[in-house]
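Enquirer: Residue-level listing of the chains:
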Amino acid sequence: MTSRKIRIMVAKPGLDGHDRGARVLARCFRDAGFEVIYTGCHQSPEQIAAAAIQEDVDLVGLSCLSGAHRTLFPRVIELLREQGAGDIAVIGGGIIPDQDFPRLYEAGIKAIFTPGAPLEAIIDWVRTNIKK
Amino acid sequence: MHFSKETLNQSTGLTAKWEEEVRRSLAANPDQKARWSTVSDLEIKRLYTPEDIAQTDFSLGIGVPGEFPFLRGNQTTGYRGRYWTFRMFAGMGSAKDTNARWHMLLKEGNAGLSTAFDFPTLMGYDSDSPKALGECGRCGVAIDTLEDFLALMEGIPMDRVTTSMTINPPATVLWAMYCAAAERKGVPLAKIGGTIQNDMLKEFIAQKTFMCPPEPSVRLISDTVEFGTKHVPNWNTISISGYHIREAGSTAVQELAFTLRDGIEYVEDVIRRKGLDVDEFAPRLSFFFNSHIDFFEEICKMRAARRMWAKIMRDRFGAKNPRSWWLRFHTQTAGCSLTAQQPYNNVVRTALEALAAVLGGTQSLHTNSLDEVLCLPSDHAVEIALRTQQIIAEETGVANTIDPLAGSYFVESLTNEMEAKAWEYIEKIDAMGGMIAAIEKGFPQMEIADAAYRFQQQLEAGEKVMVGVNKYANNGKQEIPRVDIDERVEKEQIARLKDVKRRRDSRAVRRDLDDLKNACKTGKNVMPYCIAAVKDLATEQEICDVYREVFGEYRDPGLF
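For the record, the sequence lines run as chains A and B. Numbering of the first sequence is given in our numbering, commencing with residue 32 and proceeding in unit increments. Numbering of the second sequence is given in our numbering, commencing with residue 1116 and proceeding in unit increments.
Next comes chain A alone, as it looks inside the complex (with noise of 0.2 angstroms):
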């Protein structure tokens, strides 16, 4: 067997700086054998979806800490179906108050981990949800 290793992009969409979850969780994914991309800071949701369907990734993981979540999230998996890669799931984290999950869920958010979700139980959702 030679099936590939899970590809997943890393990103933090719109102005929030707030990078140091993203990056953790970029070097665990790294660590955990997945092949991983982050694309830094500062990144619209147009940019987002383009470099997630240009790389070819299983999974986008977004992280947004200022409360934008609500409006990027959402329009970064629109762009996605817009342009026919509605099969990259994509999970959330940041700071994301309960009551936003069920708009985030019904947007076509996969899986929401929030401060303190421990790396492991990331990495095992996304070994149970996502084939390659």
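In short, the hints are calculated from the structure, not lab data. From a predicted model like this one, the values you see are computed outputs, not experimental measurements. Using N, Cα and C, we set each Cβ at its ideal position, and we do this for glycine too. Treat the hints with care, since some could be wrong.
[Said to hold, decoys possible] Derived lysine-lysine pairs resembling DSS-like cross-links, with alpha carbons at most 27 angstroms apart:
1) B:Lys1592 to B:Lys1345
2) B:Lys1632 to B:Lys1389
3) B:Lys1592 to A:Lys141
4) A:Lys141 to B:Lys1246
5) B:Lys1306 to B:Lys1246
6) B:Lys1389 to B:Lys1639
[Unchecked claim] Listed next, the stretches of chain A that the computed footprint assigns to chain B, with coverage defined by at least 3 CB atoms under 8 angstroms from CB atoms of chain B:
7) 71-83
8) 91-99
9) 142-152
[Unchecked claim] A few chain B residues that don't get close to chain A, going by computed Cβ distances all over 12 angstroms:
10) Gln1125
11) Gly1193
12) Lys1345
13) Ser1365
14) Arg1438
15) Gly1450
16) Leu1453
17) Ala1535
18) Gly1548
19) Gln1571
20) Glu1668
21) Gly1673
Take the given structure of chain A and dock chain B to it, following the hints.
Expert: Okay, now just chain B, sitting in the frame of chain A:
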């Protein structure tokens, strides 16, 4: 410190006996864990003794408050003359919303203002920019033009209250608005006081709020230093910040070293570019540190920082004015130490961190609110945070005497150790050719990433504990009221901006921006041109777009 031969002999003898006892005791009752270290993973000994500080020279290493090397504080009289400034960071929604919070804080005993801007303002975009989508007023106050700024300052006595503004790439613009607002209120520039954070190096290193590349970013900072020196003598034109370096996951030693090395870079640039004498501007440099949860490590960091900066200014730069040797600093308790789980525990964490900052001799303090890890702070949470400072100042008695932990074997030894480790970093960065060169190599960024990752792994392994997260967690929820920013804030702000653009003299704005562009290209100080532009109601983004056009834009290299 000098100990008599007799004392040292006694200490050596008694310590040897004690070590024997420890070994015996451990055989029966082993320690709970093999290694004891600070939150930064600095290993700590079981006991410190006179031998640990016997090499410290008293007058050169410790001394008295108000004298070189200022280990024990800048102020000769300590906190008896005045406490540190209770300065709560606040900003949300519209300028009017934030102004209301400020008036509440001043009424409750807050002594100085501190402004949180929203992300578009922090990054130099107007509220109607596509990049601002979803961000307006969320993490702070939205400011687009001088009219917003005047609404922010409504009823604030600008000749008496000092204001700190956490603003970096667009610092020239917001400071220009402050100057223009003061003029509008009839307060001369020589009378206003406050701080702009204006520290771009730590943005590239840690906070990631950037606009132009490092070199021109530092040039704009030198412009503000020069303008302040000549026209706004009571303004702190840079707040050289370790706070964000720490929040990004650095160790305490890295915070100390990178911050002071950033300071060196700014001083060198001002001297080289502006030809100012170091003593003309150095007294207005200020600093900003984090107070994290590891109590003694923080106290020692702050003490070491004062002593190191005094040496840097006197010995490296040849500063002669003792005021130039002072490291004056603001402190904020550590946002990253707070937990979303069991949020009321955050009150306790913040109180301990604030106490460490006071024992470390801070001049100014923000205490985080218990809900800041979840949302913008509520009035009630902010009041508890402010009261925490007032309790420390007026009930606990810790302000009675100066630097009460001086002379402690442990505290002095840890202070020395942290200083030595920080010098090693500074020498390494010097050898790389300075901080800009080090940033271009990704050096401080990767050192921090390594430390953050190490801490996360220790947390996962249970070697480090966050109560309520990886130990003593429970599923029961502590519900707290949450502040939410209404989406109407964005609509109203954009409407205001449109209205200003309709009313203003666009030809004058065009001319102002052309003049500014010319100043950027020819190396003239940009501040007078910024002030002229904001007075004619140029928007923040219009001014920043000039910088982007002339200097180019910096992109996050995405190191991890």
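Enquirer: Check the non-interface label on Leu1453 (chain B): least C-beta distance to chain A beyond 12 angstroms or not.
Expert: Non-interface label fails for Leu1453 (chain B): nearest chain A Cβ at 9 angstroms, not farther than 12 angstroms.
Enquirer: Taking 27 angstroms as the top limit, are the C-alpha atoms of Lys1306 (chain B) and Lys1246 (chain B) close enough?
Expert: violated (37 angstroms)
Enquirer: Would the least Cβ to Cβ distance between Gly1548 (chain B) and chain A come out above 12 angstroms?
Expert: Per Cβ check, Gly1548 (chain B) is outside 12 angstroms of chain A; nearest 24 angstroms; holds.
Enquirer: Take a quick look at whether Lys1389 (chain B) and Lys1639 (chain B) sit within 27 angstroms of each other, Cα to Cα.
Expert: It holds: about 10 angstroms lies between the C-alpha atoms, which stays within 27 angstroms.
Enquirer: Would you say Gln1571 (chain B) is clear of chain A, with no C-beta pair closer than or equal to 12 angstroms?
Expert: violated (5 angstroms)
Enquirer: Check the non-interface label on Gln1125 (chain B): least C-beta distance to chain A beyond 12 angstroms or not.
Expert: holds (48 angstroms)
Enquirer: Hey, Lys141 (chain A) versus Lys1246 (chain B), does the alpha-carbon distance stay inside 27 angstroms?
Expert: Holds, because 25 angstroms separates the two Cα atoms, which is no more than 27 angstroms.
Enquirer: Is the straight-line distance between the alpha-carbon of Lys1592 (chain B) and that of Lys141 (chain A) 27 angstroms or less?
Expert: holds (24 angstroms)
Enquirer: Is it the case that Gly1193 (chain B) keeps its Cβ farther than 12 angstroms from each residue Cβ in chain A?
Expert: Gly1193 (chain B) is indeed farther than 12 angstroms from all Cβ atoms of chain A, at 36 angstroms.
Enquirer: Does the claim that Arg1438 (chain B) lies off the interface hold, with its Cβ farther than 12 angstroms from every Cβ of chain A?
Expert: Label holds. Min Cβ-Cβ 34 angstroms, cutoff 12 angstroms.
Enquirer: According to a criterion of three or more residues whose C-beta lies within less than 8 angstroms of a C-beta of chain B, is the stretch 71-83 of chain A covered?
Expert: It holds, with 4 qualifying residues against the three required.
Enquirer: If I take the minimum Cβ distance from Lys1345 (chain B) to any residue of chain A, is it greater than 12 angstroms?
Expert: holds (32 angstroms)
Against the hints set out earlier in the document, violations occur for numbers 1, 5, 13, 15, 16, 19, 20 and 21.
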